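Undergrad: Using the sequences and the hints given, assemble the complete structure.
Residues per chain are reported as follows:
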Amino acid sequence: QVRLKESGPRLVQPSQTLSVTCTVSGFSVTSYHVSWVRQPPGKGLEWVGAIWKGGSTDYNSALKSRLSISRDTSKNQVFLKMNSLQTDDTGTYYCAKHQLGAGVMDAWGQGASVTVSS
Amino acid sequence: DIQMTQSPASLSASLGETVTIECRASEDIYNGLAWYQQKPGKSPQLLIYNANSLHTGVPSRFSGSGSGTQYSLKINSLQSEDVASYFCQQYYDYLWTFGGGTKLELK
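In order, the protein sequence lines correspond to chains V and X.
Using the working numbering, you'd call the opening residue of the first sequence number 1 and step up by one each time.
Using the working numbering, you'd call the opening residue of the second sequence number 1001 and step up by one each time.
Please keep in mind that the hints were generated in silico from the structure rather than gathered at the bench.
Worth double-checking, as some hints may not be accurate.
No farther apart than 30 Å at their CA atoms in a straight line, the calculated lysine-lysine pairs in the DSS-like style are these [claimed, not checked]: (1) X:K1103 to V:K43; (2) V:K75 to V:K5; (3) X:K1039 to X:K1074; (4) V:K64 to X:K1042; (5) V:K81 to V:K5; (6) X:K1042 to X:K1103; (7) V:K81 to X:K1042; (8) V:K5 to V:K43; (9) V:K43 to X:K1107; (10) X:K1107 to X:K1039; (11) V:K75 to V:K64; (12) V:K75 to V:K53; (13) V:K43 to V:K81; (14) V:K81 to X:K1039; (15) V:K5 to V:K53; (16) X:K1103 to X:K1039; (17) V:K81 to V:K64; (18) X:K1039 to V:K5; (19) V:K5 to X:K1107; (20) V:K43 to X:K1074; (21) X:K1042 to V:K43; (22) X:K1042 to V:K53; (23) X:K1103 to V:K53; (24) X:K1042 to V:K75; (25) V:K53 to V:K81; (26) X:K1042 to V:K5.
Sample of chain X residues at the chain V side, in silico, Cβ under 7 Å [unchecked claim]: (27) S1043; (28) P1044; (29) L1046; (30) V1083; (31) F1087; (32) Y1091; (33) W1096; (34) F1098; (35) G1100.
Part of the chain X face toward chain V, derived, beta carbon under 10 Å [said to hold, decoys possible]: (36) A1013; (37) D1028; (38) Q1038; (39) F1062; (40) S1063.
Since this is a predicted model, take the numbers as computed values, not measurements.
Yeah, the Cβ is synthetic: ideal placement off N, Cα and C, and Gly gets one too.
TA: See below:
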């Protein structure tokens, strides 16, 4: 059974770095792409970035300078790091598995709720 | 970036009714479109991909159609469990972008 689970801090101070871990089971991160998508409270979805099954990454151009996505294949984990956080980075951060070779995300984690506040 | 415009932003319908949600792309996305359902407090779930292909396990009352820049999601015979927000997403071109969402409520 495919599962993804995000873990990370609930509260981050402005200007600090957010670190969220996505632990997956039921598939290998070396066989499927994994994306990060975020959602501000009460608003829509924004694609943040992805790590391809081969290990390369792509980022939303609006966030690229602040982002890093990596993985640990031995633990089947994907990591999101975003620095210089501001209050409008508050929201839920989801990791999602892609269908083979497509931009379609066919399984999502429960999400990690993050508040940026002092 | 390809902009995705969804309409309506909110919708109220009765049980058993047929509902249609529209999504318009700022340029041709060649059927590279997915629809997701997000129930309150839950994560999004894939309903439709390639504009009209039903994801595994999704009830057949959901269907997708369209081409070029205009796409739609239809829900036949609305059920109470369909109360949710619905988002379209284009994946034809980077960066992948979502519509603003449609919140569906029961009348």
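Undergrad: All hints, please: hold or fail.
TA: Do the hints match the structure? See the list:
1. Of the pairs offered as hints, the one joining X:K1103 and V:K43 holds, with about 11 Å between alpha carbons and a cut-off of 30 Å not exceeded.
2. Restraint check for V:K75 and V:K5: the C-alpha separation of about 13 Å stays at or below 30 Å, so the hint holds.
3. Restraint check: the Cα-Cα separation between X:K1039 and X:K1074 comes to about 17 Å, which is no more than 30 Å; the hinted pair holds.
4. Distance check on the hinted pair: V:K64 and X:K1042 sit about 27 Å apart at the alpha-carbon level, within 30 Å; holds.
5. Taking the CA atoms of V:K81 and V:K5, the gap is near 16 Å; set against the 30 Å cutoff, the hint holds.
6. Restraint check: the Cα-Cα separation between X:K1042 and X:K1103 comes to about 14 Å, which is no more than 30 Å; the hinted pair holds.
7. Restraint check: the Cα-Cα separation between V:K81 and X:K1042 comes to about 23 Å, which is no more than 30 Å; the hinted pair holds.
8. The straight-line distance between the Cα atoms of V:K5 and V:K43 is roughly 22 Å, inside the 30 Å bound, and the hint therefore holds.
9. A distance of roughly 22 Å separates the Cα atoms of V:K43 and X:K1107; the hinted pair therefore holds under the 30 Å criterion.
10. Between X:K1107 and X:K1039 the CA atoms are separated by roughly 17 Å; this keeps the pair inside 30 Å, and the hint holds.
11. In summary, the hint linking V:K75 to V:K64 is supported, as the alpha carbons are separated by about 25 Å, within the 30 Å threshold.
12. Simply put, V:K75 and V:K53 have alpha-carbon atoms about 15 Å apart, close enough for the 30 Å limit, and the pair holds.
13. Taking the CA atoms of V:K43 and V:K81, the gap is near 22 Å; set against the 30 Å cutoff, the hint holds.
14. This hinted pair checks out: V:K81 and X:K1039 have alpha carbons roughly 27 Å apart, not beyond 30 Å.
15. Of the pairs offered as hints, the one joining V:K5 and V:K53 holds, with about 18 Å between alpha carbons and a cut-off of 30 Å not exceeded.
16. As the CA atoms of X:K1103 and X:K1039 are separated by approximately 10 Å, the hinted pair is consistent with the 30 Å bound.
17. Between the alpha carbons of V:K81 and V:K64 the distance comes to roughly 11 Å, so the proposed pair stays at or under 30 Å and holds.
18. Distance hint between X:K1039 and V:K5 is fulfilled; the C-alpha atoms sit about 18 Å from each other, no more than 30 Å.
19. For the given pair, V:K5 sits about 35 Å from X:K1107 by alpha-carbon distance, which is inconsistent with the 30 Å threshold.
20. Proximity of V:K43 to X:K1074 is assessed by CA-CA distance (about 22 Å); at most 30 Å being required, the pair is judged to hold.
21. Of the pairs offered as hints, the one joining X:K1042 and V:K43 holds, with about 14 Å between alpha carbons and a cut-off of 30 Å not exceeded.
22. Of the supplied pair hints, the one linking X:K1042 and V:K53 holds, its CA atoms being roughly 26 Å apart against a limit of 30 Å.
23. Restraint check for X:K1103 and V:K53: not satisfied, since their Cα atoms lie roughly 34 Å apart, outside the 30 Å limit.
24. A distance of roughly 26 Å separates the Cα atoms of X:K1042 and V:K75; the hinted pair therefore holds under the 30 Å criterion.
25. Note on V:K53 and V:K81: the hinted pairing holds, with a Cα-Cα distance of about 19 Å set against a maximum of 30 Å.
26. A distance of roughly 13 Å separates the Cα atoms of X:K1042 and V:K5; the hinted pair therefore holds under the 30 Å criterion.
27. Interface hint at X:S1043: satisfied, since its Cβ lies 4 Å from the closest Cβ of chain V, which is below the 7 Å cut-off.
28. Interface hint at X:P1044: satisfied, since its Cβ lies 6 Å from the closest Cβ of chain V, which is below the 7 Å cut-off.
29. For X:L1046, the interface hint holds, since its Cβ comes within 7 Å of a Cβ in chain V; the closest pair sits about 5 Å apart.
30. Taken as an interface hint, X:V1083 does not check out: its beta carbon lies about 16 Å from the nearest beta carbon of chain V, beyond 7 Å.
31. With a least beta-carbon distance of about 6 Å to chain V, the hint placing X:F1087 at the interface is held under the 7 Å criterion.
32. Annotation: X:Y1091 was flagged as interfacial toward chain V, and the flag holds, the nearest CB pair being 3 Å apart, inside 7 Å.
33. With its C-beta approaching chain V no nearer than about 5 Å, X:W1096 sits inside the 7 Å limit, and its interface hint holds.
34. Evaluation of the X:F1098 hint against chain V yields a held restraint, the C-beta minimum of about 4 Å falling below 7 Å.
35. Hint on X:G1100 holds. Least Cβ distance to chain V is approximately 5 Å, under the 7 Å limit.
36. Violation of the interface hint for X:A1013 is found here, the shortest Cβ-Cβ separation to chain V being roughly 21 Å, above the 10 Å cut-off.
37. With 10 Å as the threshold, the beta carbon of X:D1028 stays out of range of chain V, its nearest partner Cβ sitting at about 16 Å, so the hint is violated.
38. Interface restraint check: X:Q1038 against chain V, minimum CB-CB distance 8 Å, threshold 10 Å, status holds.
39. Annotation: interface hint on X:F1062 violated; nearest CB of chain V at approximately 15 Å, more than 10 Å.
40. For X:S1063, the suggested interface contact is broken, since its CB lies about 17 Å from the closest CB of chain V, more than 10 Å.
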